[in-house]
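Protein chains in written order, with our numbering: chain A, 23 to 198; chain B, 23 to 198.
Hints in this document: simulated from the structure, not taken from any laboratory. Computed from a prediction, not measured in an experiment: that's the story for all the values here. Hints are supplied without guarantee of correctness; some may be wrong.
Identical copies look the same in the list; a pair holds intra-copy or inter-copy alike.
Taking lysine-lysine pairs in the DSS-like style, the calculated list, with each CA pair at most 25 Å apart, reads [what the hints assert, rightly or not]:
hint: 1; residue 1: Lys132; residue 2: Lys66
hint: 2; residue 1: Lys132; residue 2: Lys142
hint: 3; residue 1: Lys66; residue 2: Lys155
hint: 4; residue 1: Lys66; residue 2: Lys24
hint: 5; residue 1: Lys124; residue 2: Lys66
hint: 6; residue 1: Lys132; residue 2: Lys24
hint: 7; residue 1: Lys142; residue 2: Lys24
hint: 8; residue 1: Lys132; residue 2: Lys155
hint: 9; residue 1: Lys142; residue 2: Lys155
hint: 10; residue 1: Lys24; residue 2: Lys155
Protein chains: 2
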Amino acid sequence: MKLGDGVEAAIHCAATLASVDGNSTMPGAALAECFGLSPSYLLKHLNQLTAARILDSVPGPAGGYRLARAAEQITLLDIVLAVEGREPAFRCGEIRQRGPVKIDASAYVKPCGINVAMLKAERAYRAALAEVKLSDIVADFMNDADPRTVAASCAFVERHQRSQRVQPSSNQPGKA
Amino acid sequence: MKLGDGVEAAIHCAATLASVDGNSTMPGAALAECFGLSPSYLLKHLNQLTAARILDSVPGPAGGYRLARAAEQITLLDIVLAVEGREPAFRCGEIRQRGPVKIDASAYVKPCGINVAMLKAERAYRAALAEVKLSDIVADFMNDADPRTVAASCAFVERHQRSQRVQPSSNQPGKA
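Isolated chain A, as found in the complex (with noise of 0.2 Å):
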């Protein structure tokens, strides 16, 4: 079992565009140079991010990426699934049905206690995903690294933060 990448690149990424100013953006090349990952290769993920709701992308020139709610309203179970897809890890293939063992359909309307169990592991994975927000991990972040790193990221946010003229989204008026 393996997570892609994208997740530990997508979570880096939220958690630093939760320290934007007010409803500022940052650009993708800014995320991907922070990281010292592809752009293209990030691309992907923040569109994944972006279909899924967890940010918003902001076109024109000061545009860029931004989160589409309080990183207190975001969980690591979002990005996950958000990057991952929402389909468990095990997924039964009802091998149970494919042998000579096999007799009619009748005998199957319970579903296989494999699958059971598998399901009943994922949703314990799942459920501390739940328990993580994102503001955890800033907090976390601000509270117990090293004072230089957060130094050091903070005066990047402020470097590669655009500041926005209009308002933050047309269903939020005057929230900004």
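Please arrange chain B on chain A, whose structure you already have, making use of the hints.
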């Protein structure tokens, strides 16, 4: 995130082997037939289970596979790790150290908080898998599955198991 198909095959095979009599074995070809799988495909996963000491592979004309220990002493976690490997699904690439924000190595002694949170969730997943014994899976099947599939499965095992003339294992003399 996706688990390989081998996990489903491996758990079904181990559960089937939990039903053979005493120290009897079942050939890999019969296990493959039981679940409509290619014998060469299944061999890879039977080898993984054998390498992890979940199965014994018995050579010779009456050879085949059997559980290397009691079904009460095998968990779903044992099987998943045997097939998928023991590495965590989330593999931190330390991208926090890749970009221009990077400072000297002394600033990264503490692990990245994102890695810590992801691994904590994975521990919850593994703990849930470790709670389920192979014997639970078998007992649930015997108690809850359609009686026709239970009967068909038992008849298949009865037909394909191979009794042994020798002791089951050189380090367990007299336990057969």
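We went through each hint and held it up to the structure:
| no. | hint | result |
| --- | --- | --- |
| 1 | Lys132 - Lys66 | neither (39 Å within a copy, 30 Å between copies) |
| 2 | Lys132 - Lys142 | within (16 Å within a copy, 32 Å between copies) |
| 3 | Lys66 - Lys155 | within (23 Å within a copy, 40 Å between copies) |
| 4 | Lys66 - Lys24 | both (18 Å within a copy, 19 Å between copies) |
| 5 | Lys124 - Lys66 | between (43 Å within a copy, 24 Å between copies) |
| 6 | Lys132 - Lys24 | between (30 Å within a copy, 24 Å between copies) |
| 7 | Lys142 - Lys24 | both (19 Å within a copy, 15 Å between copies) |
| 8 | Lys132 - Lys155 | between (36 Å within a copy, 20 Å between copies) |
| 9 | Lys142 - Lys155 | both (22 Å within a copy, 14 Å between copies) |
| 10 | Lys24 - Lys155 | both (22 Å within a copy, 24 Å between copies) |
Comparing the model with each earlier hint shows a violation of hint 1 alone; every other hint is respected.
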